[in-house]
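Protein chains in written order, with this note's numbering: chain A, 1 to 304; chain B, 305 to 578; chain C, 579 to 962; chain D, 963 to 1346; chain E, 1347 to 1708.
None of these hints come from the bench; they were simulated from the model. Note that the structure is predicted; figures quoted are calculated from it, not measured. Just so it is clear, CB atoms sit at the ideal spot from N, CA and C, and this is done for glycine as well. No incorrect hints appear here.
Pairwise CB distance ranges, derived in the manner of DEER restraints:
1. THR354/B - LYS1370/E: 29 to 39 Å
2. VAL986/D - GLY434/B: 57 to 67 Å
3. ASP159/A - ASP1606/E: 30 to 40 Å
4. CYS368/B - ARG1399/E: 25 to 35 Å
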Amino acid sequence: MNAVAHAPAGQRPATEPPPAARRRRHQLLPYLLLLPGAAWLLLFFAAPMLQLGAASLYDPTGSLSTGYALTWAFGNYPTALQAYWPQFGRSFLFAGTALALALLMGYPLAYVIARKAGRWKNLLLVCVIAPMFTSFLVRTLAWKTILSDNGVLVGLLRDIHLLGPDGRLLATPLAVVLGLTYHFLPFLVLPLYASLERLDHRLLEAAGDLYASPLRTFQKVTLPLSRPGLTAGMLLFFIPATGDYINAELLGTPNEYMIGNVIDSAFLVRLDHPQGAALSFLLMAAILAVVFVHLRRAGTEDLL
Amino acid sequence: MRFSRWFADRWVVGVALLVLGYLFLPIAVVTALSFNRPSSRLSYDFNEFTLDNWRNPCATSDMCDAVLRSVQIGFVATVAATALGTLMAFALARHRFRGRSGINLLVLLPMATPELVLGTSLLALFVAGGVPLGFWTVVVAHVMFCLSFVVVTVKARLAGMDRRLEEAAMDLYASEWQTFRRITLPLVLPGIVAAALLAFSLSFDDFIVTNFNSGTTVTFPMYVWGAAQRGIPPQVNVIGTAMFAMALLLVLASMVPGRRSPTTVNCPTRGRDP
Amino acid sequence: MTEMAEPPAGDLRLVNLTRTFGSVTAVDGLSLTVARGSYFALLGASGCGKTTTLRMIAGLEEPTSGRVLLGDRDVTRLRPYKRPVNTVFQSYALFPHLDVFENVAFGLRRRGIRHDDEVPRMLSLVQLDGFGHRRPAQLSGGQQQRVALARALINRPQVLLLDEPLGALDGQLRRRMQIELKRIQTEVGVTFVHVTHDQEEAMTMADTVAVMNAGRIEQLGTPAGSYEFPATAYVANFLGQSNLLAGDADGRSGDHVAVTAHGARFSVPVGRSRADRGPVHLGVRPEKMHLVDTRDQVPGGCQHVTGTITDTSYVGVSTRYLLRTGWGSELTVFVANNGAHDPLPQGGEAVAYWHPRHAFLLPREPGRHDRVNPLFDEPVSVGS
Amino acid sequence: MTEMAEPPAGDLRLVNLTRTFGSVTAVDGLSLTVARGSYFALLGASGCGKTTTLRMIAGLEEPTSGRVLLGDRDVTRLRPYKRPVNTVFQSYALFPHLDVFENVAFGLRRRGIRHDDEVPRMLSLVQLDGFGHRRPAQLSGGQQQRVALARALINRPQVLLLDEPLGALDGQLRRRMQIELKRIQTEVGVTFVHVTHDQEEAMTMADTVAVMNAGRIEQLGTPAGSYEFPATAYVANFLGQSNLLAGDADGRSGDHVAVTAHGARFSVPVGRSRADRGPVHLGVRPEKMHLVDTRDQVPGGCQHVTGTITDTSYVGVSTRYLLRTGWGSELTVFVANNGAHDPLPQGGEAVAYWHPRHAFLLPREPGRHDRVNPLFDEPVSVGS
Amino acid sequence: GCGIEGGRQTEADCVSRDLSGTEKTLAFSNWPQYVDVNDDWTKRPSLDEFTTRTGIKVTYTEDINDNNEFFGRVQNQLGACQGIDRDLIVLTDWLAARMIRLGWIQQLDPAKLPNVHANLLPSLQNRSFDPENRLAIPWQSGLTGLAYNGSVTKEIRTVDELLTRPDLRGKVTALSEMRDTMGLLLQSNGHDPANFTPAQFDDALTKLRRAVAAGQIRRFTGNDYAADLARGDIAACVGWSGDVIQLAKRNEKIRFVTPDSGGLLFSDNMMVPIRATHRANAEKLIDYYYEPPVAAQLAASVNYICPVQGAQAEMEKLDPGLAANPLIFPDEAMLSTSTVFMTLDEAAEREYERKFQQVIGA
Ligand SMILES: Nc1ncnc2c1ncn2[C@@H]1O[C@H](COP(=O)(O)OP(=O)(O)OP(=O)(O)O)[C@@H](O)[C@H]1O
Ligand SMILES: Nc1ncnc2c1ncn2[C@@H]1O[C@H](COP(=O)(O)OP(=O)(O)OP(=O)(O)O)[C@@H](O)[C@H]1O
Ligand SMILES: NCCCCNCCCN
Ligand SMILES: [Mg+2]
Ligand SMILES: [Mg+2]
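Let the sequences and hints guide you as you build the complete structure.
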């Protein structure tokens, strides 16, 4: 800056690159900004995934001691799907149900933090994130305590006959769905909050002025304008929830197992690497398909 | 009439409080148990009030090591992921260039990949490359999966920013760097802070990916996982409670009047919402 | 949602309306009545509480105290969407996710009306035919403002609130929109409450003009009434410009009040005096002052002041002269550029005269001096 | 960053400046010179490219072609922060995270200047004493605009660009700010380039006025010169109002051009004619027209038109009459309210007359009719 | 190239350096509830005694909850001849056999294990996967059977009761280890886990599938069943003898039951994985635990079957009651009703494992 300062007027300062060079630098800049992060992802995500992709086409009869041959065994995919479609379906069913519940809970929460909390905004925001600092395993175990057959909650529900004398909460689909909802709720709330916070309150006033009741205002203005955050939040919720297996494992029974449990077992217990890899790719493909359809329908493709 | 209007104004707040309650319920249990002297090693039931666990949080030899290690990993991974992710977010939000959608996909995919798959495939890479597992492989893994969340969060914030403010700054003698430092950064900071918080919590809380890539390094979640099977020492609840309380205290401290936190842009909302 | 079908509600009445923000009192015990079907203009300095007043009428802001009545109906606590009131917002507040057509149709839709042919009619009225499918972001400032206008007008509300609706338009378009607004207002009998900081706009359009200052109404009346005989110095300088000479009234003599100012004696008809004893401001509008070269050209019955021309500026329609008096104040004189006079030279001596029936007398706080525009003689009260 | 200490850079020159956005040409081969230290006003309809021009001068927009020169120095590719140029933005662009004080101090700070007493002085100048600690969101529209003004002025740049800086201010404050701007400008010798849509503002303040239309300059000259003798119909109606009668010129006769319009014959001095044959517009400003009851009151040497008064409106300084002519056009006539005339009754017959030296003649595209304000005779060009 | 090579290693390819001479440390991974502790779980007396005696600091981690899970975690590294940073691990015989087959286990020096060779029970010598006891030295043996919590349910005697009794619906867990659960089921069908046909396996599996579908079984667990049983979250389960007896010490309503159809016998073995760098220290520890007084001290605390001859005599001194407990020092009657699960080749193991895992939901 100083070089410019002392340059006499009317003379192009030496520090100022010629326009062409500046434009070139400008075109290079995004790539420079991207380089470290993209390289990281390519090396530690894309490369391993390629390797995994290859593994999904290995000879399914290979084993740890004999090794695996790449035989382009596309049959691994239908085989895996045939054996585990119930868990597949359940993953989407549970994640979808949890998402619906999370929307019912998360939208009001995000709305209140963004628009009603005033100076408590940051505090409430951290309240949403802070539970994650208490290890999720600790919290899940706490849920086990809360939902436990001998716990207060079950006792109460039994007393008011919402549960039969033998009824329980733990080890039911409900427990798994509640666990998923609980676990991933912050991922939904945070982006939703971000877009609700940006919402211009004057638009809401304008809607009210134009005869829209609060419900209508929500439906016609708030909701559509929060769509980017809503879409992002739904994805951040749904994607990991579909692949999760800890909640099913800790709060469910084998009848609640999701595809994550199957993949876990394929890699670690059954030692069927090709099938594990094939299931992983099937899951990713299914998730991506849902994601793309969702983005297309929400009209928020530029989230990509 | 007046009551129904009052109710209409408040019900959503009521619902939000209920949801917060739902989020806090397990924390309450954890907090209660942190003051519990369990009747047996395998029991979670509240037995007897005690302060012993708090007086002696590190009674269980390796737990505090694990917590410390998790904090270290979380810190390094957060700093790295936030730095790399913020740069990427700027590139994606502010520039049009070839291969932009490819990069966007590269950012989205890790979020669409189950953690288990991330963990095993990365492990395979480390094993094939002869990389010894430990602290740094965990950091590498954490940076990888936190990166996407940072990019998405910061990008959203950038997208909502008024470019004219940056132009105004440049017009007022702020160089590119000064503009970034004085205007862009403070305005994007809430987004970056949110991203960093998210990254830290993701890293601190991760079990699945860490479990594959940690070698003998034991993080707090891994410790808890192991402990869960042989009876959790009550001190685990102390750590859980303390971490939570610390996060809250930090924010409360920044709210003390007179010390306005630079990340808090307190614009009083004119008018009220319908 | 059938308020629309109700008969027009009658006068709009604000009773003792107050709104405070923390320590700032934006609107301060304001009471006024806007006759049903009239065109009401609200003028006042920036930050004097105009927007806040409109927002309370619309129901977007809850009064700290006081009431809003439509006819006999107390609507103070009625939710905005239940009031037969629409607003054209100062910031437009167009829905960014809806195109122009849907923005304009919004109010009709909410009331379950599906007159889709109304919308093109409305768009054509604001000269935006063919813009129906654009999004607000694709419009220039002026175009956005017209959409906001159409969006409110289409509902034919009982009261239409306009918060500087023509602010972003250039002069030509602005004049056209003024005429159109006025036409719509008379045609549909809607009560208009129009905030503007354009004095000329307020005067040409409104039946009643209210001048606000620091949250209160200083004067309320017809444009000509308030202009010709302002109630306060603030109004005298807000509604047009005024030369206010500091003097002392010596009481009535016949049907005139005698005033001594800066050593000279003047008189003002009793009917145009708001004080007849003690410190006063003697006011004369710049266009009511005439300039001549010498004292003997002053017609009989007129009063005069002598000075030096320090500045002349050509404003197209008229020329503005600044005349420095012997005691140092600078008087403003407008001379119409109607081709009848030759311009007077800058630096020359000149005499400004006026007929007493064009002067007016206002009480003056002791210690206050001449108030002649546009000097920075005192700060305008802004906000609190 | 001591450009401030440099000697003033000389004239600001735009050479063949062009800027296109996709298929829209916002600025189209614009060339002009703004003399060092002069006050330059830029007028034009919404969307005609005013903001784009300023942005190229400030360095916020790169020209598609053409050059920007400050004295001899080509600054076309200089980064904005290296130009001794400041801007008051149309949208204010206040930094929401900084309070008013810090907003105003921003430019000083960047140049390493710590004159903290400058800031209160500046705030007091824009009448915002005591507002230093508010955030922009806590200000009314007009207050925000004044902060933006203070933020740019405090830097005393060589060229100050003002994009409708007074748009949200009320008349009184506006006049004060006008005077203050002008004072600062003369005092510090800053070149001002001021975009406004207020014709009066442009004329009172500027040494040179440029009227822009669709990315080009239509006329450039002194306020009086352009006003008195506009170059095009667009200018005639943009800079003030005009009555433009469609007629045909029959060539010179002596030092006059003879015109036939609507069956009557008129004449215009050669020196005020931009065409002397074929279709023309005969223009007369509303304030140059006079109203009398009967034809015999028209003074000798004047030309006249007879009609019916359809509307009168009181504007304070003057009264506006609309006169419907025999062929159906409505002429506008301004009569100054200087107390000399009694108002004419609405609905009555009247004769409007003018002296030929106050008329002007412009070429007319065949097929165009009368252009008299403020009828909706043709759409204004807005946006793209 | 294409595909990946097998994970089999040989000692020649994958040598380890022993740093025991300079580093007096030992990383020891074991199952929970598998070492003696004092009353408030703050000390491990026998390990502390070892450290005092040898100066070797033992890092003792209870991170083995399930054989499969542990194998899954280490397979990649060991298969690539990389260390797992553990010097000593304890795994069940069938998995020990597999790891030995894969060449992932270091040979021990018999000269350094005098107590082992002197005191190892004869029944545990000469095992097919390690005939000379040079690779896998038994830590404890045990019985897989049933357990119930008497404060939640009434007594249980048979596997069929566990799988069908309506009052137990949803309050039962079984083990995720195929051999444990399927072994008991085969026995309950009257078949011999040591020698069965695929059809017999399928019959047993059908029985299990029915129980799962009916919601009888809440979860399939590793060692973590113990906590649930103690709390009463589950009423009954398939479990391991020592764990349950330990729980019974604190709550006598918790009982271990050898089903009428018989129990399953297993042993868990100490092994030094390849690339471990403290083999000599490990050998010292292995030999230490084969001193009868130490073995008795351990058995008195963990209540598993002690593999050390002479420990029973030592136990008489400590706790005569335990010395007479057939679940710790089994008698002939006990042994006759218990079997060891059949040795499976790799293909059979995978097939059975696949079928079993599919039934248990994964
Ligand atoms: N939400 C708020 N918080 C604090 N002060 C406020 C708020 N809203 C308005 N004010 C203050 O109240 C006063 C009146 O504001 P208002 O917007 O009604 O003024 P206005 O007359 O519309 O001004 P303008 O002509 O500039 O739009 C101002 O001083 C303003 O700063
Ligand atoms: N970034 C852009 N992309 C596309 N078109 C643009 C862009 N910026 C300006 N334009 C177009 O260029 C033209 C000139 O715009 P500009 O903002 O300079 O107008 P203006 O004279 O300042 O108008 P106003 O008085 O409404 O502010 C307009 O038609 C506008 O729509
Ligand atoms: N608490 C120690 C449990 C040891 C169990 N070993 C696993 C045996 C598998 N059949
Ligand atoms: Mg306002
Ligand atoms: Mg503009």
